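**Student:** Go ahead and model the full structure; you've got the sequences and the hints to work with.
Protein chains: 2
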Amino acid sequence: MTKIGTNPKHANQLATLLYCADYRGHYSHGLNRLDMYIKDVETDVTAATGNPVILKEGPSTGLVDGQNLLGPVVGKFAMQLAIDKAKQSGVGWVVANNSNHFGIAGWYAMEASSEGLLGMAFTNASPLLVPTRAVNPALGTNPISLAAPNGQEPFVLDMATSAVALGKVEIQHRRGEPLPPGWALDAQGRGTTDAAVGMQGRLFPLGGPEETSGYKGYGLACLVEIFCGLLSDANWGQHIRKWKTHERKANLNNVAKQLDVDPMKCV
Amino acid sequence: MTKIGTNPKHANQLATLLYCADYRGHYSHGLNRLDMYIKDVETDVTAATGNPVILKEGPSTGLVDGQNLLGPVVGKFAMQLAIDKAKQSGVGWVVANNSNHFGIAGWYAMEASSEGLLGMAFTNASPLLVPTRAVNPALGTNPISLAAPNGQEPFVLDMATSAVALGKVEIQHRRGEPLPPGWALDAQGRGTTDAAVGMQGRLFPLGGPEETSGYKGYGLACLVEIFCGLLSDANWGQHIRKWKTHERKANLNNVAKQLDVDPMKCV
Numbered sequence: 002m003t004k005i006g007t008n009p010k011h012a013n014q015l016a017t018l019l020y021c022a023d024y025r026g027h028y029s030h031g032l033n034r035l036d037m038y039i040k041d042v043e044t045d046v047t048a049a050t051g052n053p054v055i056l057k058e059g060p061s062t063g064l065v066d067g068q069n070l071l072g073p074v075v076g077k078f079a080m081q082l083a084i085d086k087a088k089q090s091g092v093g094w095v096v097a098n099n100s101n102h103f104g105i106a107g108w109y110a111m112e113a114s115s116e117g118l119l120g121m122a123f124t125n126a127s128p129l130l131v132p133t134r135a136v137n138p139a140l141g142t143n144p145i146s147l148a149a150p151n152g153q154e155p156f157v158l159d160m161a162t163s164a165v166a167l168g169k170v171e172i173q174h175r176r177g178e179p180l181p182p183g184w185a186l187d188a189q190g191r192g193t194t195d196a197a198v199g200m201q202g203r204l205f206p207l208g209g210p211e212e213t214s215g216y217k218g219y220g221l222a223c224l225v226e227i228f229c230g231l232l233s234d235a236n237w238g239q240h241i242r243k244w245k246t247h248e249r250k251a252n253l254n255n256v257a258k259q260l261d262v263d264p265m266k267c268v
Numbered sequence: 002m003t004k005i006g007t008n009p010k011h012a013n014q015l016a017t018l019l020y021c022a023d024y025r026g027h028y029s030h031g032l033n034r035l036d037m038y039i040k041d042v043e044t045d046v047t048a049a050t051g052n053p054v055i056l057k058e059g060p061s062t063g064l065v066d067g068q069n070l071l072g073p074v075v076g077k078f079a080m081q082l083a084i085d086k087a088k089q090s091g092v093g094w095v096v097a098n099n100s101n102h103f104g105i106a107g108w109y110a111m112e113a114s115s116e117g118l119l120g121m122a123f124t125n126a127s128p129l130l131v132p133t134r135a136v137n138p139a140l141g142t143n144p145i146s147l148a149a150p151n152g153q154e155p156f157v158l159d160m161a162t163s164a165v166a167l168g169k170v171e172i173q174h175r176r177g178e179p180l181p182p183g184w185a186l187d188a189q190g191r192g193t194t195d196a197a198v199g200m201q202g203r204l205f206p207l208g209g210p211e212e213t214s215g216y217k218g219y220g221l222a223c224l225v226e227i228f229c230g231l232l233s234d235a236n237w238g239q240h241i242r243k244w245k246t247h248e249r250k251a252n253l254n255n256v257a258k259q260l261d262v263d264p265m266k267c268v
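First to last, the sequence lines map onto chains A and B.
So in my numbering, spot 208 of the first sequence is number 209, and the numbers just go up one at a time.
So in my numbering, spot 106 of the second sequence is number 107, and the numbers just go up one at a time.
Quick caveat, the hints were computed from the structure, so don't treat them as lab data.
Some hints could be false.
[Claimed, not checked] When the alpha-carbon atoms are kept at most 20 Å apart in a straight line, the in silico EDC-like pairs for lysine to aspartate or glutamate are as follows: (1) 88/A - 58/B; (2) 169/A - 211/B; (3) 10/B - 36/B; (4) 169/A - 212/B; (5) 88/B - 58/A.
Remember, predicted model here, so these are calculated numbers, not experimental data.
**Tutor:** What follows is the structure, given as structure tokens:
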């Protein structure tokens, strides 16, 4: 990352995040993803240098312009601001726009739990999740994370709101094995167990088809989209660029902990 | 409710909630449940009169003693406190202990959205959800709710973190129809489609069995338990009385919006 001009501190934050993802067993979000971050910086789609800017803040809330920097740089900045506010007022809720792919959400939540706080982190993402009764993806795998301090080892929840992340479909595909029902859909919006078809990127929400409550996973993905895309007034849902394309800025939105901000302006 | 001595204002709050649940189509949580609230007050397991007490508060947080009053009385009190704090500091997060069954979580979330805020509400509940790889229920159907203002009609998410609520199993049972796979388990911890077996009260978490990511629903139920049972220092998980038993106080815990409080004291 530094060879292609990335600020060494930023490169270090990215390295720490990727290492942490691999260490915790999220191999799909570890060094496996380095090529994507390199391509984003090489093509100037992500900024290699600069600093996030606080656009607006209150006793418990903040809005951050990520200045199109690497996701982990923006996410860490936003979470540190949320931690500072939580220590003052009891809760800190910070939203960032103009950000990028930020890796595992749990890394940010654990920043807070390591300081004795409950930490939450969310991000929207490129469309891969097909809403109940729909055919095409309209939301990202929009993760939810909570870390709670618990003596030696925190409780950490870190989950995509789709049934599975695309990385799990990739693994079945490489192995030449079928998908369990309830993971992916075909281009006609029907469930599929064909891993090659699943690779086209149509994932069921958590819960799978309608009869097993897939609309709940869809609702949770909407919750994340409201916290991230809408509250930060940036790209959301189908307006986000396609996964692993680099023709334009991602302008993603990461939320660190709790916030208010006037939601009316976003809807 | 007033005939058995319930404070008329409290009876009115309960009535409004039950009516709202039916109106919104949550028939399992509407007037259908009135007999349970009556039994709780008749047997003195729930207090008919009194007021919730604020035990502790900060600029954005509050801890409420529900004084064993009806769930809707405690929940409404806690949400109003959260709304007041959110208007001051940007976020309000209030936890209540010593509470009771509070009906649909969405009712509380919508109290906030009707004032132009994002509203969230959570509650723990009697054990019905069987964790992944377990045989017996260890957590409630622990709902998550978010209401977001949106012009005329708010966005409302209001969902149990189990695959389905027990009420849905009851409906299949009355109809004499089988359950879809992924709803319920038998006493050996295997999935079942027999509605009579499902009535024994062993529900899959959202996501169903392990291969379709049921551990995510289990994780979300834990998130709710941390926000409610642990943060309020009251009953949690298997320590909560069995569903529809009345031999002792429920001491449930409802969370209205965002909070900090020192989580270390609870774990």
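**Student:** Taking the hints in turn, state whether each one holds.
**Tutor:** Outcome of the hint check:
Between residue 88/A and residue 58/B, the direct Cα distance comes to roughly 14 Å. Compliance with the 20 Å bound is thereby established for this hinted pair. About 14 Å separates the Cα atoms of residue 169/A and residue 211/B, which keeps this hinted pair within 20 Å; it holds. Between the alpha carbons of residue 10/B and residue 36/B the distance comes to roughly 19 Å, so the proposed pair stays at or under 20 Å and holds. With a C-alpha separation of about 11 Å, the suggested pairing of residue 169/A with residue 212/B holds against the 20 Å cut-off.
A distance of roughly 14 Å separates the Cα atoms of residue 88/B and residue 58/A; the hinted pair therefore holds under the 20 Å criterion.
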